[in-house]
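Peer 1: Kindly produce the complete structure, drawing on both the sequences and the hints.
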Amino acid sequence: MSGTACQCQEIECAEVEIDYTLLDKIIRDDYGGNREAMIMMMQAIQRVYRFLPEAAVKYLSQVIEVPLTKIYEVATFYASFSLEPKGKYILSVCTGTACHLRGSGGMVEHISKRMGIAPGKTTADMKLTLETVNCVGACAVAPVVVVDEKYYPKADIATLNDFMDRLDAE
Amino acid sequence: MKVLNIVLNGKAVTAKMGQTILELAREHNVFIPTLCDSPALEAAAMCRLCTVQVIEGKWPKFVTACNFPLRRDAEVVTDSPEVRHGRKLIIELLMARCPTSPELQRLAVDYGCDLERFAPLNDDCVVCGLCTRACEAVTGRTLSLAGRGVAIHVDTAFQKASEYCIGCGACVQICPVNKIAMEDVDGERRIILHGKIASRVKLPQCTSCGKHFGPVIDLQQVMERMGEHKIPPPNASVCPECSRRNLAIKLGKRYFEQYGVFEDEEGQANAG
Ligand code: SF4
Ligand code: FES
Ligand code: FES
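In the order they appear, the protein sequences are chains A and B. Be aware that the first sequence starts at 1, since it is given in my numbering, and climbs by one per residue. Be aware that the second sequence starts at 1001, since it is given in my numbering, and climbs by one per residue.
No lab work stands behind these hints, which were simulated from the structure alone. Among the hints, a few may not be true.
[Claimed, not checked] Straight-line alpha carbon distances no greater than 27 Å define the calculated DSSO-like cross-link-like pairs of lysine-lysine that follow: (1) A:Lys-121 with B:Lys-1160; (2) A:Lys-58 with B:Lys-1202; (3) A:Lys-70 with B:Lys-1061; (4) B:Lys-1160 with A:Lys-86; (5) A:Lys-58 with B:Lys-1160.
Peer 2: Now the structure itself:
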């Protein structure tokens, strides 16, 4: 998503170059073009682009012959799918009950303030997406912060500042 | 087939295995209010208005009549203080979403609803999902229920005007709160949802009178989706009005020309 991204400055702009041979590999080779594996295909596509580009979703709909509206329903239903481009890093703060009691709300606020983004949003430089999740299943080490699938147990403001300092330095 | 013994509001009746409570109630002229049910579509139990009480075995429970299949002997109560109490809440919630629906207003009066209880959302859509189900049934592929929970709403894919709409207007017809509009302007048919254009379908021009009529549907595709591969799609170039008039003229000529009815050059039938 970096070098080939389009020049336009609109935040809404979600144009990325789609590699259709790669899509074909995912849809046809990896999952045999079987529409029952649709969600797994969507996950695989999202792993490639870090979100679900419209063109890729349309292509998927054509190949597996599932109406676009159905795929859109699924994509908007599950919080783990995103139709908007995500930042280079995805920082998820757990706001489940245990983590909430151990102050994850304040952590979300802290990041929001420092990075200038609301939860669910991405910084203008596309570096960081801030997300909240409801219980990642590690309540014993609450509060938990997850950065790109790496878990940080017993996180605190210092952990976050560390991370954001590194981000700023990049 | 096994016959079930059901006590419907205190009256002993029989039901077929798998019959829904709503079907049974209608058979016996028992009224249950519904909003998201259509005999043409599979029940989706979205509006919850049809909630009734059923006792199968020991415990009474509340279920939606439109999609609850009877499988055992049971007792069904469609109207009791408890049922009305539950329904009242549902109507209050629906009214908060959509206070302009006459249907709902009537129910609100009937159930003595407290309309101050919930802050109005004024969304005007009760998210019954009928339009999306109708759209899917006619192979339209235009409307979908996006999001979930409190954020669920009717939308087109990627919030863009759909390319797959066939302009049939089924969604407009079926919406219980008349939230969807359809208009034919500038040679195209538009479906308007939430005040936004949800789809545009080109209208063909009559080769005879020049008026726009019916939408241009990719019938080939529609028929394929319906599994009718071999039937060639009809392709009208004349609007229904002209085609009727032309046929009348043709018939008139065949049978009445000899009487001199068609004397004028234009070939216009002048006999009423
Ligand atoms: S637009 Fe109308 S038919 Fe569609 S979900 Fe809303 S209320 Fe139901
Ligand atoms: S609440 Fe955060 S891991 Fe369970
Ligand atoms: S009619 Fe049964 S839930 Fe709407």
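Peer 1: Please go over all the hints and tell whether each is borne out by the structure.
Peer 2: Right, here's what the structure says about each hint:
no. : hint                      : verdict
1   : A:Lys-121 with B:Lys-1160 : holds, 22 Å
2   : A:Lys-58 with B:Lys-1202  : holds, 22 Å
3   : A:Lys-70 with B:Lys-1061  : violated, 32 Å
4   : B:Lys-1160 with A:Lys-86  : holds, 21 Å
5   : A:Lys-58 with B:Lys-1160  : holds, 13 Å
Comparing the model with each numbered hint stated earlier shows that hint 3 is the single one that does not hold.
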